[in-house]
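*Asks:* Those protein sequences? They're chains A and B, same order as listed. In this text, residue positions in the first sequence follow our numbering: the first is -8, and each later residue adds one. In this text, residue positions in the second sequence follow our numbering: the first is 36, and each later residue adds one.
No lab work stands behind these hints, which were simulated from the structure alone. Careful: at least some of the hints might be erroneous.
Claimed, not checked - What follows is a list of derived Cβ distance ranges for each label pair:
{"no.": "1", "chain 1": "B", "residue 1": "Val149", "chain 2": "A", "residue 2": "Gly96", "range": "19 to 29 Å"}
{"no.": "2", "chain 1": "B", "residue 1": "Gly63", "chain 2": "A", "residue 2": "Thr61", "range": "33 to 43 Å"}
{"no.": "3", "chain 1": "A", "residue 1": "Asn50", "chain 2": "B", "residue 2": "Gly77", "range": "17 to 27 Å"}
{"no.": "4", "chain 1": "A", "residue 1": "Thr42", "chain 2": "B", "residue 2": "Thr55", "range": "30 to 40 Å"}
{"no.": "5", "chain 1": "B", "residue 1": "Pro116", "chain 2": "A", "residue 2": "Thr62", "range": "17 to 27 Å"}
{"no.": "6", "chain 1": "A", "residue 1": "Lys59", "chain 2": "B", "residue 2": "Gly94", "range": "22 to 32 Å"}
{"no.": "7", "chain 1": "A", "residue 1": "Val73", "chain 2": "B", "residue 2": "Pro105", "range": "17 to 27 Å"}
{"no.": "8", "chain 1": "B", "residue 1": "Thr108", "chain 2": "A", "residue 2": "Leu101", "range": "30 to 40 Å"}
{"no.": "9", "chain 1": "A", "residue 1": "Pro31", "chain 2": "B", "residue 2": "Thr42", "range": "19 to 29 Å"}
{"no.": "10", "chain 1": "A", "residue 1": "Thr(-4)", "chain 2": "B", "residue 2": "Ala88", "range": "30 to 40 Å"}
{"no.": "11", "chain 1": "B", "residue 1": "Leu109", "chain 2": "A", "residue 2": "Leu101", "range": "18 to 28 Å"}
{"no.": "12", "chain 1": "B", "residue 1": "Thr147", "chain 2": "A", "residue 2": "Tyr30", "range": "16 to 26 Å"}
{"no.": "13", "chain 1": "A", "residue 1": "Lys59", "chain 2": "B", "residue 2": "Thr147", "range": "39 to 49 Å"}
{"no.": "14", "chain 1": "A", "residue 1": "Thr(-4)", "chain 2": "B", "residue 2": "Gly94", "range": "11 to 21 Å"}
Quick reminder that beta carbons are idealized off the backbone N, C-alpha and C, glycines included.
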Amino acid sequence: GDSVTQMEGPVTLSEEAFLTINCTYTATGYPSLFWYVQYPGEGLQLLLKATKADDKGSNKGFEATYRKETTSFHLEKGSVQVSDSAVYFCALSSPRAGNKLTFGGGTRVLVKP
Amino acid sequence: DARVTQTPRHKVTEMGQEVTMRCQPILGHNTVFWYRQTMMQGLELLAYFRNRAPLDDSGMPKDRFSAEMPDATLATLKIQPSEPRDSAVYFCASGLVEAGTEAFFGQGTRLTVV
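Extracted from the complex, chain B is given alone in its bound form (with noise of 0.2 Å):
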């Protein structure tokens, strides 16, 4: 059963410290997404991957954030410095991203920035 794997599940950490949230999308699909969630804002797009290559992270704030695939099966978002602001789920999904074709969804990284 292929499904998108998102590690770690839960992670705390101090403000200032650096975190790496990785994800293994589903082999063969050649879009990989971000997304953070909270309360307040929702579903947010972070960043978005086509073949490797970023298509947009216009989502994510430049400074602090940033999100590679160093390869097909792994793509990464880490946080540096992390705040307590950026406290919440980020998911990952990947997809075969042609017109019609649904993205799939890891189950997450709780985050909390203590």
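In isolation and in its complexed conformation, chain A is listed as follows (with noise of 0.2 Å):
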């Protein structure tokens, strides 16, 4: 079945510095990508998504690429703020899976002054 795998954390930077997770997935066919974030007492908010081979998807200073080739859509941010600090959660939607979303475990980032 469809699975995804992202980095554990947690992940301590300091503010300004770079921030990547991995994810990388398994699927049959061509699924669409997205990355989440979850703040504290909150649901989880789409921060961007793909939905074909070498989209990139940004947001609020976030990238992905879709890269078929490595089965990867890691997570980057040029210069991190406290305000990230979240956790993030790769995610897939597969068409054969009947297009429901599979989630990796969730990476916390924690961003210190």
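Assemble the dimeric complex from its two separately framed chains, guided by the hints.
*Replies:* And the structure:
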């Protein structure tokens, strides 16, 4: 079945540091890929998405590129802020699996001033 | 501003009691998901519906959990009887699920079974 693997946290960074969170996936067919973010006490919010190979999703300074050859969708931000402290989830949605969302385990990011 | 609404936000109940969680999906969305989040297991898909019909509930313990969509504006998740191991945050999400369309999450119901 479909699966998503992302790096375990927590990831602790200083403000203005570069952030990378690795995400790889296994899916049949051509899934859509997503990054969601969860702030404390809240539900998940979509951060960005990509629907086909080589697409780049971007939002709020975050970027991720759909790499079919490496089945990856790594999240990057060039200069993090304290407000980026949250849990980040990589996810996929595959038409062959009824378009249900499959999530990775989440990566907690803590940005220190 | 359209959003998924879940009630209650918090619920504390005694073991053995029935618990019902409710979700109002975004108007026009045709797919509803129920997820459970715990520290140990992360996000688990319990069930999901398309056009109010259950598509997959294989993630749900059948003996005590049930999920329904009595109409397009309401989804329910019921636990009877509840157990301490059911303590978790339960999320509902809805989407207009065509290829590439994301799901929108509610704020969750934090359930504590004592």
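*Asks:* Among the hints numbered above, which are violated by the structure, and what are their numbers in rising order?
*Replies:* Violated hints: 5, 7 and 11; rest satisfied.
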